[in-house]
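UniProt numbering applies: residue 1 is where the sequence shown begins, and numbers increase by one.
Just so you know, these hints were derived from the structure itself, not from any lab.
Treat the hints with care, since some could be wrong.
Stated by the list, open to error - Derived CB-CB ranges, DEER-like: (1) 3 to 24: 12 to 22 Å; (2) 13 to 35: 14 to 24 Å; (3) 60 to 16: 29 to 39 Å.
Glycine included, each C-beta is placed from N, C-alpha and C at the ideal position.
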Amino acid sequence: MARLKVTQVRSEIGAKHNQRHSLRSLGLKRINDVVVKEDRPEIRGMIFTVNHLVKVEEVE
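From just these sequences and the hints, can you work out the full model?
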């Protein structure tokens, strides 16, 4: 299964509550935090919610 490397590139200050919760659920707490997650529909949905705050790369 493919994996996604998610990096937070912008601050959550000023973001809506659902966007803040999505960042926390992904495991991101501060700028330049990096997590590697499985490529699943639930994860894709959280990334879509905060796509303006994160950078996503596909890794194997």
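Take the C-beta atom of residue 60 and the C-beta atom of residue 16, compute their distance, and say whether it sits inside 29 to 39 Å.
-> 33 Å Cβ-Cβ, so the 29 to 39 Å window holds.
Distance restraint hint 14 to 24 Å, applied to the beta-carbon atoms of residue 13 and residue 35 | For residue 13 and residue 35 the Cβ distance comes to about 20 Å; the hint holds.
Go ahead and decide if the range 12 to 22 Å is satisfied by the Cβ distance of residue 3 to residue 24.
-> Distance hint for residue 3, residue 24 holds at roughly 20 Å.
Violated hints: none; the structure is consistent with every hint.
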